[in-house]
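Turn these sequences into a full structure, and let the hints guide you.
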Amino acid sequence: MRYSYATHLECSLTAQRYDIAQLQGLSAAGKPLLARYDLAALKRSVAREQIAARAPGLWRWHELLPVPDAAQVVSLGEVETPLVPLANSERPPDFRAPLVKDEGRLPTGSFKARGLCLAVSMARLHGVRRVAIPTNGNAGAAMAAYAAQAGMQAFCFCPDDTPEINLSEIALQGATVWRVNGLINDCARLVEAGKAQFGWFDMSTLKEPYRIEGKKTMGLELAVQLQWRLPQVVFYPTGGGTGLIGMWKAWAELRELGWISPPLPRLVAVQASGCAPMVRAFDAGERTAAPWENAHTIAAGIRVPAALGDFLILDALRESHGFALAVTDEEIDAARAHVGSRDGLLLSPEGAATYAAYLAAARSGRIGPTDEVVLFNCATGLKYPMPSVTARMDLRKPFGGGTGMRPAS
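The number in the numbering used here is simply the position in the sequence shown, starting from 1, with 12 added.
By construction, these hints were calculated from the structure, which means they are not laboratory data.
All values derive from a computational prediction rather than experimental measurement.
The C-beta atom is built at its ideal place from N, Cα and C for all residues, glycine as well.
Take the hints with a grain of salt, since some may be wrong.
What follows is a set of in silico ranges between Cβ atoms, one per label pair, in the way DEER data are often shown [to be verified]:
| no. | residue 1 | residue 2 | range |
| --- | --- | --- | --- |
| 1 | P104 | R330 | 43 to 53 Å |
| 2 | Y15 | D106 | 44 to 54 Å |
| 3 | A208 | D106 | 56 to 66 Å |
| 4 | H308 | A33 | 36 to 46 Å |
| 5 | G194 | L88 | 23 to 33 Å |
| 6 | T340 | R108 | 19 to 29 Å |
Here it is, written out as C-alpha cells:
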C-alpha cells in the first residue's frame, strides 16, 4: 500500500499533463495545475473504513495527498476541526441550526495552515530554500510557521492595513515581512518581480499546485464527520477560492472512489459587497470575473479583486447548483457580535460573512428549512479587533452606580 497515490499534475484548463516529480508553478497556459491520483488503485487497496478508523487529523488522508512518504511531511499538528451548531443564534422559524466548521483551531489559527503545510512540504521535497507570498495576513502567518519548521527563508508582502497581529506573528515566526501601500494584487506583483533577483518560489494562491490539496481536506473531513454523507449547502468565504475549488475536487474524488453518493452540496461563494467579483460574474452568467475596482471591506481575507482560479470557482458554483452572495460590512459586524454573544463562538470577519449570507439566503428562500447547512469560519476571531472594555469597579463600593447590575427579584 502506497503512502500517496498521486500520479501527475494536470492543467485545469487544457488537461495537459505535468510531471509531479518536478517543481511546478502554473501551466503553460498560465492556469493552475491540479494533482491527479490513481483512484482505481486506491479503491482496490484502501477502504473508507480504514481512513475513518485512523486518528483524526489532516494526515489521515495521506493517500489522497501528494506528499510521497511520511518522512517528507512538514507538520505543526493539523487537527480535524469541529462542527459547532449555532443553536442559540437567530435563524428563521423551523430552520435547522447551521453548523460552523471552526477552522480557527488549526495551527496559526486559520485554515491557511491546511494549504501551506502541503505547499511547504512539497517545496522542500523539490529543494526550495526560499518562499514568498502576497498575503492579507493569515496565509503569510501559516507560510512563515511552516517555513520555519522546514528550515526555509520566508518573505511576506502585506497590504498596509493588514491586522497588526498578523504582521507580528509573521515576524515572530522568522519571516521577513513588508507593509505595501496597495492591495493583495499589488503585493502579488512584487512577489513576481522579485523571483529572478531573490530566487524565491512563489507561494501565491493557485500559482503552485499544492495549497489546493491541503484545502481540499476540509471537504474530506466533512464526509467522515457526517458518516460519509454531506450537507445540503456549504457557505464558504471566497477570495482566491482555493478552499471552494478544493472541496469540489475532494468530493469528485470521493465519489469516484465510491465512498460518497450524490447529491453533492450546493456551494455558496460568500463575498463582501465592497469586493464581490465572483457575485457579479455569477449573476451575469460569465465564466470569468473582471477585476473589482477600489476593493474595500473589513473582511480582509476575502478582499481579493481578481482571482486566478475565477473560472474554477464559477464552474463549481454552477455544477453544484449553488450561487454567490455578497453581504455588507455592517452585516458582517452585526453577525460577528450576534454569534459571539449568543453561541460563544468568536468568528473572524470572513466567517461572520457566511452567517450573514446564511440569514439572507434563508429569508429569501434560496435555502430551505430542512437543509443541513455548514458555514466555514476560516480563522479564530481572536486575531481581529474586538470591542474595548471601559467599565470599572471600585472595591470600596463594588456594586454601586454604573455597574449595570440589578438586584435579583
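Each hint, compared with the structure:
1. P104 / R330: 43 to 53 Å: violated (26 Å)
2. Y15 / D106: 44 to 54 Å: holds (47 Å)
3. A208 / D106: 56 to 66 Å: Given range 56 to 66 Å: holds, Cβ gap about 60 Å.
4. H308 / A33: 36 to 46 Å: holds (43 Å)
5. G194 / L88: 23 to 33 Å: holds (30 Å)
6. T340 / R108: 19 to 29 Å: holds (25 Å)
Of the hints listed earlier, the one the structure fails to meet is number 1.
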